[in-house]
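For the sequence shown, my numbering gives the first residue as 1, with consecutive numbering after it.
If you are wondering where the hints come from, they were derived from the structure by calculation, not from laboratory data. One thing to keep in mind: the hints can contain errors.
DEER-style ranges, computed between Cβ atoms [as the list claims (entries may be wrong)]:
id, residue 1, residue 2, range
1, Q1, P257, 26 to 32 Å
2, G6, I195, 20 to 26 Å
3, A186, Q74, 50 to 56 Å
Derived SDA-like pairs: lysine to any residue, alpha-carbon spacing no greater than 20 Å straight-line [claimed, not checked]:
id, residue 1, residue 2
4, K104, R155
5, K135, K96
6, K200, F236
7, K96, W233
8, K238, F207
9, K166, P232
Positions of the beta carbon are idealized from the N, C-alpha and C atoms, including for glycine.
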Amino acid sequence: QEFLEGFHGMVQCDGYQGYNRLEDVILVCCLAHARRKFFEAVPAARRKKLKLLDVNSDEAIEDTGIPDEEKLEQLLPAEIGLLYCNKLFYLERTLKELEAEERKQQRTILEQPVWEQFWNWLGTLHPTGGSKLGKAVNYAQNHHDTLMNYMIDGRCEISNNRAERKAKSYAVGRKAFLFHTSEAGAGASAVMYSIVETAKANNLNIFQYLYMVLLYMPDYMNSSAGIEQLMPWSEFIKEQCSGIIDVESNVPENRIPLPCR
Numbered sequence: 001q002e003f004l005e006g007f008h009g010m011v012q013c014d015g016y017q018g019y020n021r022l023e024d025v026i027l028v029c030c031l032a033h034a035r036r037k038f039f040e041a042v043p044a045a046r047r048k049k050l051k052l053l054d055v056n057s058d059e060a061i062e063d064t065g066i067p068d069e070e071k072l073e074q075l076l077p078a079e080i081g082l083l084y085c086n087k088l089f090y091l092e093r094t095l096k097e098l099e100a101e102e103r104k105q106q107r108t109i110l111e112q113p114v115w116e117q118f119w120n121w122l123g124t125l126h127p128t129g130g131s132k133l134g135k136a137v138n139y140a141q142n143h144h145d146t147l148m149n150y151m152i153d154g155r156c157e158i159s160n161n162r163a164e165r166k167a168k169s170y171a172v173g174r175k176a177f178l179f180h181t182s183e184a185g186a187g188a189s190a191v192m193y194s195i196v197e198t199a200k201a202n203n204l205n206i207f208q209y210l211y212m213v214l215l216y217m218p219d220y221m222n223s224s225a226g227i228e229q230l231m232p233w234s235e236f237i238k239e240q241c242s243g244i245i246d247v248e249s250n251v252p253e254n255r256i257p258l259p260c261r
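Work the whole structure out from these sequences, hints included.
Rendered as structure tokens:
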């Protein structure tokens, strides 16, 4: 809440209830979390027999389509829920290369009908609340609006799998370093991991990027325009970090001026 104070926009997140306390934001919940609930509701023997995909393998999902009524009768409700989720993930993958506005339009054409089918089907189920299927159904219904909010803006993603995978490097690292000496050290570590993982996401050489940041930041740390030019996604940074940096000649007195000045 403190971190996002003053932010107005869309927040991609999981179903953590604490996000509901945020003001003036639109929550965009993750379909992978809803899908996982249906996956867990499928008995292990059925998973193996049907070769159901793992919940984190959305990149490998094939278009299985939604079976007709006769075939649906042979499936468990949890399996049907998975098929709807898989269909949505597959459609989303086909829109990956589109610009945001066109992706938004295609989502309305291709994905909206699947969502409508899914919600109508979900409304016909009446599982016991404590069952795994009941938890899956309740989770989806309780997050109806936030699961759909990615349709509002083509820049939003259908799941936050990518962001969660980026957190894996920290989870692996902490098994080695175990502790932070202080709260300030933990904060510094979080900042560094965020910077490095964002640079990776923008296909930058990490050493080159950090070198450029340290080269410019002493003179631009109080300039919002300057800091914007040092973000991993800026064209200036992408251009400067595309080749090998000569650290001997690329010193403060010889550096290229930032475009903000």
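Structure-based check of all given hints:
The hinted window of 26 to 32 Å between Q1 and P257 is violated, with their beta carbons roughly 39 Å apart. Between G6 and I195, the C-beta spacing of about 21 Å keeps the proposed range 20 to 26 Å intact. At about 52 Å, the beta-carbon gap between A186 and Q74 stays in the expected band of 50 to 56 Å. Pair hint K104 plus R155 holds up; C-alpha atoms about 8 Å apart against a cutoff of 20 Å.
Between K135 and K96 the alpha-carbon distance is near 31 Å, which puts this suggested pair outside the 20 Å criterion. Among the hinted pairs, K200 with F236 is consistent with the structure: their alpha-carbon atoms are about 16 Å apart, no more than 20 Å. As the CA atoms of K96 and W233 are separated by approximately 18 Å, the hinted pair is consistent with the 20 Å bound. The straight-line distance between the Cα atoms of K238 and F207 is roughly 13 Å, inside the 20 Å bound, and the hint therefore holds.
This hinted pair checks out: K166 and P232 have alpha carbons roughly 15 Å apart, not beyond 20 Å.
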